[in-house]
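If you want the building blocks of each chain, they are given just below.
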Amino acid sequence: MIKPLGERIVVKVKEKDMTTASGIVLPDTAKEKPQEGEVVAVGTGKMLECGKVAPMEVKKGDRVLFAKYSGNEVKVDDEDYLIIRQSDILAVL
Amino acid sequence: MIKPLGERIVVKVKEKDMTTASGIVLPDTAKEKPQEGEVVAVGTGKMLECGKVAPMEVKKGDRVLFAKYSGNEVKVDDEDYLIIRQSDILAVL
Amino acid sequence: MIKPLGERIVVKVKEKDMTTASGIVLPDTAKEKPQEGEVVAVGTGKMLECGKVAPMEVKKGDRVLFAKYSGNEVKVDDEDYLIIRQSDILAVL
Amino acid sequence: MIKPLGERIVVKVKEKDMTTASGIVLPDTAKEKPQEGEVVAVGTGKMLECGKVAPMEVKKGDRVLFAKYSGNEVKVDDEDYLIIRQSDILAVL
Amino acid sequence: MIKPLGERIVVKVKEKDMTTASGIVLPDTAKEKPQEGEVVAVGTGKMLECGKVAPMEVKKGDRVLFAKYSGNEVKVDDEDYLIIRQSDILAVL
Amino acid sequence: MIKPLGERIVVKVKEKDMTTASGIVLPDTAKEKPQEGEVVAVGTGKMLECGKVAPMEVKKGDRVLFAKYSGNEVKVDDEDYLIIRQSDILAVL
Amino acid sequence: MIKPLGERIVVKVKEKDMTTASGIVLPDTAKEKPQEGEVVAVGTGKMLECGKVAPMEVKKGDRVLFAKYSGNEVKVDDEDYLIIRQSDILAVL
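Protein chains in written order, with my numbering: chain A, 97 to 189; chain B, 97 to 189; chain C, 97 to 189; chain D, 97 to 189; chain E, 97 to 189; chain F, 97 to 189; chain G, 97 to 189.
Don't read these hints as lab results, they were simulated from the structure.
For each residue, glycine too, the CB sits at the ideal point set by N, CA and C.
It is possible that part of the hints are untrue.
Which chain F residues face chain D? A few, computed with CB under 10 angstroms, are given here [unchecked claim]:
| id | residue |
| --- | --- |
| 1 | P130 |
| 2 | K142 |
| 3 | G147 |
With a cut-off of at most 20 angstroms between alpha-carbon atoms, the simulated PhoX-like pairs for lysine-lysine come out as follows [claimed, not checked]:
| id | chain 1 | residue 1 | chain 2 | residue 2 |
| --- | --- | --- | --- | --- |
| 4 | A | K142 | B | K108 |
| 5 | A | K148 | D | K142 |
| 6 | C | K99 | B | K110 |
| 7 | D | K129 | D | K110 |
| 8 | E | K164 | G | K99 |
The shape of chain A in the complex, shown without the other chains (with noise of 0.2 angstroms):
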C-alpha cells in the first residue's frame, strides 16, 4: 500500500452526492464544499523544528472531512485515492 510521508495521509474519496450514515450532509453552495473520506494510510507524522515528530491525529479507518481542491490525487489498482495533509483535515466524523 501507499506509505504518505510526513504528516499526509492516503483518503478515499466517498461519493459526492450522497448523505452520510449519520445523516451528514456536504452543502451545494459553489464557495467552499468540504468532502468526505476515509483514512486508508497515514505518515509518521509532521517533524518539528525542535526535532520532535508531532504524533498523528488522524488513524486508519477515520472518515474525516476536507475542503475540496486539496491534496493530490493518485490511483491505485483503478481507484481514485487522494494524498493530503494533515493539517487540511477540518474533522473526524
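Assemble chains B, C, D, E, F and G onto chain A, guided by the hints.
Then chains B, C, D, E, F and G, alone, in the frame of chain A:
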C-alpha cells in the same frame, strides 16, 4: 459528533438579525460583520514548534464572536455548522 | 462582559475630534490617523511557540493609541467597541 | 554518483504512460499529475532551526510519488534524473 | 508621557533641512531620505518566541536615524512625535 | 581570497556547453538549466535561530550543481566567480 | 561616530569604476553589480529568537562586497556612507 482537528472548533452559527440575551447587537456596516455562535465541539489544541500542545481557550457551550466569512461550512443532520480555527475567534461572550 | 481571546483586547473608542485630558491631539492628515481608546477587557496573552504565554502589557483602564482601521467593531448594549490585537497598539497614554 | 544536499534526493523518473508493477496508474487529468520514480541517492537530511538534522524518510531504492514539475532535471551519463526535496515527495509506493 | 509598547520608541523628529551638531547632513536624493530624531520614550522590548524579552538597544535621549515614512505620527501638547519600531532604526548618532 | 559570509560559497563556474569528466551533460531545455562549478571558498555556516551555526555540507574543491541565475557574479583577477548560498546548491558531483 | 543597530554595519562605499588593490574588478553587466566598501562601524549583532545575540562576522576595517542598491545612504561630514544589514554582505575581500 464531529471532532475538529488541532485548534479548530465547531460552531453553531446564530441567526444573523437578532439581539443576544446579553444585549449584544452586531453592527450592520458593510465592512466587517462579526458573527455570533455557540461552540459545540473543540479540537485538542494547536501543536507548537516546541512539541507542546497549546491548551484550548474556548470550551463547549461558549458563545463566541468571529469575523464573517471565517471557517468552512458543513451540514450535520440538516443543520449548518462552521468549522473554524480558534485563532479566528475574536472573543467569548 | 466580552472576554477577548489570546493577545486581543476590547477598546472603547474615543470620539474622534476631541483633545485628551493630557492635551494629546491626534493629527488630521489623511495618511494615517491613530485613534485613542480605553481598554475595557484584555485576553490572557499570546501563546508563544515555546509553549509559554506572553503576559499582557496593557490592562483594563489604560488609555491606548492604535492605528485607525485596526481591529473588528462590535456593539454591546448599543455601544461601539473595538476588538484589537495588542500588537496593533502603539502606546499607552 | 551525485550526492544531493540537505533534504534533497535524486530520482530516476519512470516513463510516463505505463502501469506500475503494483498496478498503480497515474491520473490523466490536466490539473495535477503526480509522477513515479526510483530514489537513486539521498541527502543527509534537513537542518532544523534547533541545530538537529531531521533523518530522511526515504532511502535508496524506494519508489516514490511526487507532483509533476517538482525539482530540477539533470542528465548523468545521458540519463535523465530529477533532484527534488523530500518535502515534495507525496508517498513511498 | 506616552509609553510605547513592545519594541516601539517615541521619537521627536528633527527639522528636515538642518545640519546636525556633529556635522551630519542627510542626503537630498528623492529615493530614500533617512531622518534624524531624539528618543523621548522607549518600550520594554520585543517579546521573543522563547519567552524572553530582548533588551532595548536605544535609550531616552539618543539621537537616532530612521528611514523616512517609518512609524506613525502623533501629536502631544501640539508637538509632533513619531512612534516607530526599534527594528526600523538604522543607527544611533 | 574572497571569504563568503554565513552559508555562502564562492564558485568557479564551468564553461557551459561541455561534458564533465564523469560524463554529466546538463539538459538544454529552456526551462531550468542547472550549472556546474567548483567550490573555491566556503563561509562559516548558517546561523540558526537557536544560536548554533550549521556546519557547511560542501568544501573547497567540491564540484557542485546549482540552478542557473542563482547567486551574484563577481570578477577576481579577471576571472568570473559566483557567490551563492549553499541552500541553492542542488548536489555535489 | 554612527553606531548601527542590531546586525547593521556602516560602510564607506568605494568609487565605482576602479580596480581594487587585490585586482578585483566588479562586473559591468546591467543585471546585478556588487559594490565594494570598507566597514567603518558594526552593530552588536542580530537578536535571535532564542534570546542570544549572533556575533558579527565582519569587523571595522574589513573590505566587503554587497549587492548594489542594498541599504540606506547617509552623509556624515559631507561623506557618503551606507548603512546595510550584514545579511546583505556577500563576502569579505
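| request: List, from low to high, the hint numbers that the structure doesn't satisfy. | output: The structure conflicts with hint 4 only, although it agrees with all the remaining ones.
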